[in-house]
Amino acid sequence: MPIVRTLPGTVPAWQETVSREDLRNLCLGQKERGARLVSLWGSDEGEETFVLHLALAVQEGLCWVRVPLPARDPTYPALDDVFANANRLQRATHDLLGLLAQGAADGRPWLRHDAWPPDRFPLRKGEGGEAYPPRVREPYPFVTVSGQGVHEIPVGPVHAGVIEPGHFRFSVVGERVLRLDTQLGYTHKGIEKRAESLAPAELIHLAGRVSGDSTVAGAWATAQALESILGRQIPERAEWLRALWLERERLVNHLGDLGYLCNDVGLSAGFSLFWALKETALRTHESLVGHRYLRDQIQLGGVVRALTASDCQSLREECVTLEKEVYRLRDLLQEHAGVQDRYLGTGRVPPELAARLGLVGLAGRASAQAWDLRVSCPTPPYAQAEVRMATRTQGDVAARVAVRFDEIFESLRLIHHFVEHLPSGPSHWDDSPPLCAGIGVGWVEGWRGEVFVALEMGARGQVRRWHPEDVSMSNWPVLEHAVQGNIVPDFPLINKSFNLSYSGQDG
Amino acid sequence: MTPVNWLLQGGQEILGILLAPLLMGWVGIWRAWLQNRRAPSLMQPYRQLFKLFHKEVVLAETASPLLRVTPYLLFGCMGLTASLIPMVITDLPLAGAVDVIALVGLLSLARVFLALAAMDVGTAFGSLGARREMLVSFLAEPALLMVFFTIASLNASTSLRFMVTGFAARGFYLYPSLAFAGVAFLMVLLAENGRIPVDNPETHLELTMIHEAMILEYSGRHLALIEWASALKLLIYFSLGFALFLPFGLTDSQQGWGILGALILFLLKLTVMGAGLAVLETVSAKQRLFRVPEYLGTAFLLAVLAILLHYLLGS
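Chains as they are written, first to last, in the numbering used here: chain A, 142 to 648; chain B, 4 to 318.
Check the hints yourself; a few may be wrong.
Claimed, not checked - Using C-beta positions, here's what the derived DEER-type ranges look like:
1) A/Asp472 with B/Pro296: 27 to 35 Å
2) A/Thr462 with B/Ala171: 54 to 62 Å
3) B/Glu297 with A/Glu420: 34 to 42 Å
4) B/Pro296 with A/Val291: 19 to 27 Å
5) A/Val516 with B/Leu62: 43 to 51 Å
6) A/Val277 with B/Asn39: 38 to 46 Å
7) A/Arg457 with B/Pro296: 38 to 46 Å
8) B/Glu205 with A/Pro567: 46 to 54 Å
9) A/Arg497 with B/Ala63: 39 to 47 Å
10) B/Glu205 with A/Gly566: 50 to 58 Å
11) A/Ala212 with B/Ala63: 47 to 55 Å
12) B/Leu62 with A/Val291: 24 to 32 Å
13) A/Arg335 with B/Phe141: 54 to 62 Å
14) B/Leu62 with A/Leu319: 32 to 40 Å
What the hints assert, rightly or not - One-sided excerpt, in silico: chain A residues whose CB lies under 10 Å from chain B:
15) Ala301
16) Val314
17) Glu316
18) Leu319
19) Ala410
20) Ser413
21) His477
22) Asp482
23) Val629
24) Leu634
Think of the hints as simulated: they come from the structure by calculation, not from any bench. Yeah, the Cβ is synthetic: ideal placement off N, Cα and C, and Gly gets one too.
In isolation and in its complexed conformation, chain B is listed as follows (with noise of 0.2 Å):
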């Protein structure tokens, strides 16, 4: 390892970090187009960020420490699943540390420690988004799970880096399995990421909250950490998702330009995506809350079948 993919690692790391509130920004203003209202900046979740920094941190006089340490706990485990996910190059020094059992591992302490913060102070609305969460996230990662399996069968490894080069070194090829367990990790990421049809980030109604009633203690720069981990998770679903299913672009050189043309072609799937991600999210409602086990058990069937299609077909 040189220096050399230190500093490309770090570069990343902070690639992730400063790019995910512009996702948020790019999701938020194409969701405006398709409702024909008039978008916020781009900029608009920078902002938010910004100020939310400059507010004064308000704590409930019952909070434990256990409040005041997850923001920084949950912003501290997405930054580092961010760097563990080939985003732009393949081989970095972090890519080879953790396999995807660990990745999951990850994002489970985070959820972990921000349920518990959100019973900590006692409001009804904590413990009910609490319990809604848990309810989402225990059918949501079996799910995930079954998804890494099944490109961790195609590439024989559950190391991350390859199973993208495991891909790229055999270039196109079309696996029927991969089409379901990419259908899966799509209802996956909805549900993890708190957007509709399991929850709706937009909803000023706190008897329907999921991810936001969790979160109603939380102000000034606590709040701000939250929403920044909340937006680098959903960035780290989307650079997931293109490394297992739309891998192409990516590269493991350490040339100027073909690390510059692997980021342009990032940038590009993440626009696409996005916008992607709004259109889904228009034309559909949110379920009745009782509906989502059935959902997120559509996307467990989907991945089981995803991996009972590689070994029935070998493919």
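Chain A extracted, bound-state conformation (with noise of 0.2 Å):
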């Protein structure tokens, strides 16, 4: 019988501990129920014992299950015949700790690439304290297909645009492709083992810096994972205020892709379109905060500006323009034969493939996976402002066109309801509370997908163990098998649609 401990703080979730022999059936039973897997990471408890960690996504909210394993044996039993997304998760696990999944269908290193040897694991306790592991050359075996006329096509990891690190190895008959293998971990730099002993208010800037476009709600995960620990809830007016950050890098993030989504079709005028409302948005944030990408935006305890009466009228005025222009723009594009018929159809995830695969966010919502925390597991601002969610069931770089657009008028919505109701009050705690070990959990819905911290404080309130996930660890999967039956030029147009995050991949 598992021992259930519920969690403090908004969200809802509360922490298991079962042993590793029911571990499969607890999977498999919570998989009958629905539930999905959304991190699965470990760590080293010290005196001779490993924990494995998952966070399960249910209806109720979020289980986090404890498995302890020996030290002397650390293994379990593989998941990804459960949770397709499981397989990365297992891999990155091993290589950062040394917990083994036995009987997974993939045993091939993650992150490690050649950084550090096989044997050495930087996550546990005493290791990674020299700057240059000596490195072992091995080659990354990629999944091969063989046929007469296939040949290989190997790009990057060095990019002809400024883009980030990944190494994409195609399978294809003449412009077809057959089989996408993909290796990432090019941007591993660390992070977790970084952050620990870290105090609090040094995580929280460290969470804004896993994913750059994803800054607001990195950190804003960590903070509400570090405020459940502390016990104390934050001023209603910071709640909303962080709400409000979080819309306009939904916002930003959504026209920029847009734009290079114009770019990628060659439609280079759609691209300075979409792109000079986003320099617009991005110099309001400029001169609201000083930083165009809102980061360090978010503190313990609340955020670091507190607007004022004219801030928001120019917020307020900003949205009704920008709504203007963006209808306009949808016009445009939706008008375009030339556009369209790139979009239509191309690097389709049927809503069946998207389940089972376990799709979320952004583009599992274009797939039909009707997942959006803002309105499944609503935390106070969004729980008043009931949040519409955009879903579509085409599958394609047309439906993911067309949730972006949704979520940008309801992001759109939103900000202006932020703002005019902005409750009075207080910004941030006035005092710091004394710091106390405990564990806690940030789930925060970022404009890419959820973004995940589970987060464990020792007893000095320093960290014991921070794991931050992006939902780009479940989703990069799935594009493998969103271009297999396209065509090798349609591959930059689909990877843009889905747009994912290397870095807050790679950790």
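Got two chains here, separate frames each, mind docking them using the hints?
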């Protein structure tokens, strides 16, 4: 019988401890009830024990499963046949901590590359002190396809454009993609190791740097976890302002993506129109808070800057003009036959496949996976705002574009609502509460999808283990399925329509 | 043939070579303006060439002499082709030397070498680009030939010189077949010069490239020559279009004023049509690669219709 412990805080979450013998049964049972794997990670608890952690999204909220493993045999039964997205999570956990999933279909290294030897595990206590551990060269065994006329196109990790590094190995016949094998991990920074023994304020700064385009979501999720450990609510105004910045982040990123999606079909005019709008929004950020991408706006117990009445007025006015402009651009794209021809039916992920692979977030909603934390598990400011979730069923590039447009309009409405009804009062804690040990979770709907944070604080108020998970980790494998059967020159478009984070998944 | 003729021939050759980057710059400026961007200087392509000529050439270890020869060959082919087209004066010594079929052949020669050299080093992108280039060109070439045949039947000659003077001699006259041929020619022009909707000359996405994928291995003066040859190719297609469809203003005199007038008209046409090309590129998106056969099939069909119309209507 698992031991259940409810976690404090705004996210409905509880922790269960099970033995590794019961793990598979628990997962199978939860899967039956519609659960989804959010994250899988491990921790070194000292005293000769490791713990495997799983975060499952269920109807009622978030279920955090702890599985203690003995140090002399840190293995557990593989779960990639139950949850498809467990594959890379298991491999990453093995690279970092040496917890081995037995019976896993794929045992290749994931984050390690050749950066440290296979028998060293940087997340173990006492490891990771040296800046440059010895390198052992070993080739990555890519999945190959054989047959007449099949050949391989290696792309990356260095690309012609200024984008993050990732290696893509295409097996093609003519222009048709038979299979894509991705190798990520080039931006692994050891950020989880870095977080160990940091103080709360430093941790929030670090969390905002996991993935630069999701800095608000990452920082908020981490702050949420910290505040739940401290057991104190943040002022209402602070919650509203955090939500305001999160929606602004969503708005800016969606505008940028839509611009890129025009650029990738050669419609440079659309690119400059969308990016002009994005630039206006970024400059507004610069003038309001002093950072174009809103970095370091969230602090423990609130937000850094309180907005004045005139700030609110300018945000409201910007919403009105942006809405008008975006409507105009949407009509332009919808009536452009050339653009629609490129978008419709390209990179399709049918709803059944999306459900099987655990596709979530923006891309999931475009494939009928109706999950948006702002609606499904709303924390305070969203609960009153009655967010409308944007979903589509086609699951192609056009659907992901349509979801982005819908979410822009919804974000604009929310921004308007938040500044209009912004509660008065302080926008952060006046004093800093005494630090204490404990565990907590953060779960925030960023613009790509959910950002999850699991946090364990030590007795002296320093970080023991911090594990952030970007939705990209679960969604990257789906991209490999989305491009199958498409032609090679459509890959950049499909990739951009997902626009997943490299840095966020590499950690 | 007098020495003056040869002087004029040489003059046109130099004019073409020097003017080509300017045309590229002009199209680039218009593209920037139409996208609400601040435009680069008109001289930017020259600066680019200057920079590349001063850079070192880096060659892959597996490169054969073919890779090194191709840039010169390409530039030579384009330079020669430019001298065969009447840009300003019709009776130049070389204009009568070859007919349009040989001209298509010259362009093909350049393309074959470029595609072979692209596969030379053995990178995935080179052969990817070469393969796509061949897909585009083997469909574009018949369409271009049919356009030429339409005009050749109108003037009973495949020599460019007589095709141009034939129209001039008859004065202003509307040919329905020319309208179809003109549209077909425009479609081929876009495809052969790697413009949107067939290829995107500005893209940084390796996997979508056609022309750019073939020249990824070049650097320094080799790249400069290839870029210059591409600019020259665009100018060649523009001049061909002017000679065949807008031949007004071309002069056969060798008097200074006549030449000056024709030259000004030629520059004017380039100015207008260069901007037109940018407009066309701005309003359209790049097609999916497998739409290109349909697109060029349409061009071919239009050209066939043009020639049929000519024989049916006798005009």
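Status of each hint after checking the structure:
1. A/Asp472 with B/Pro296: 27 to 35 Å: This hint holds: roughly 31 Å between Cβ atoms.
2. A/Thr462 with B/Ala171: 54 to 62 Å: holds (56 Å)
3. B/Glu297 with A/Glu420: 34 to 42 Å: Since the Cβ atoms of B/Glu297 and A/Glu420 sit about 38 Å apart, the hinted range of 34 to 42 Å holds.
4. B/Pro296 with A/Val291: 19 to 27 Å: Holds, at about 23 Å.
5. A/Val516 with B/Leu62: 43 to 51 Å: violated (58 Å)
6. A/Val277 with B/Asn39: 38 to 46 Å: violated (52 Å)
7. A/Arg457 with B/Pro296: 38 to 46 Å: Once the Cβ atoms are compared, 52 Å apart, the range 38 to 46 Å for B/Pro296 and A/Arg457 is violated.
8. B/Glu205 with A/Pro567: 46 to 54 Å: Between B/Glu205 and A/Pro567, where Cβ atoms are some 51 Å apart, the hint holds.
9. A/Arg497 with B/Ala63: 39 to 47 Å: Holds: the Cβ-Cβ distance is about 44 Å, inside 39 to 47 Å.
10. B/Glu205 with A/Gly566: 50 to 58 Å: holds (51 Å)
11. A/Ala212 with B/Ala63: 47 to 55 Å: Taking Cβ atoms as reference, A/Ala212 and B/Ala63 lie about 51 Å apart, which means the hint holds.
12. B/Leu62 with A/Val291: 24 to 32 Å: The hint (24 to 32 Å, Cβ to Cβ) holds, given that B/Leu62 and A/Val291 are roughly 30 Å apart.
13. A/Arg335 with B/Phe141: 54 to 62 Å: holds (56 Å)
14. B/Leu62 with A/Leu319: 32 to 40 Å: For B/Leu62 and A/Leu319 the Cβ distance comes to about 33 Å; the hint holds.
15. Ala301: With Cβ-Cβ at 5 Å, under 10 Å, it holds.
16. Val314: violated (12 Å)
17. Glu316: Check passed: Cβ of A/Glu316 comes within 6 Å of chain B, closer than 10 Å.
18. Leu319: Hint violated; A/Leu319 Cβ to chain B Cβ min 15 Å, cut 10 Å.
19. Ala410: Where the cut-off is 10 Å and the nearest Cβ of chain B is about 5 Å from A/Ala410, the hint holds.
20. Ser413: At 4 Å from the nearest chain B Cβ, A/Ser413 passes the 10 Å test, so the hint holds.
21. His477: At about 6 Å, which falls below the 10 Å cut-off, the nearest Cβ of chain B leaves the hint on A/His477 intact, so it holds.
22. Asp482: holds (7 Å)
23. Val629: Cβ of A/Val629 sits 5 Å from chain B, so the hint holds.
24. Leu634: holds (8 Å)
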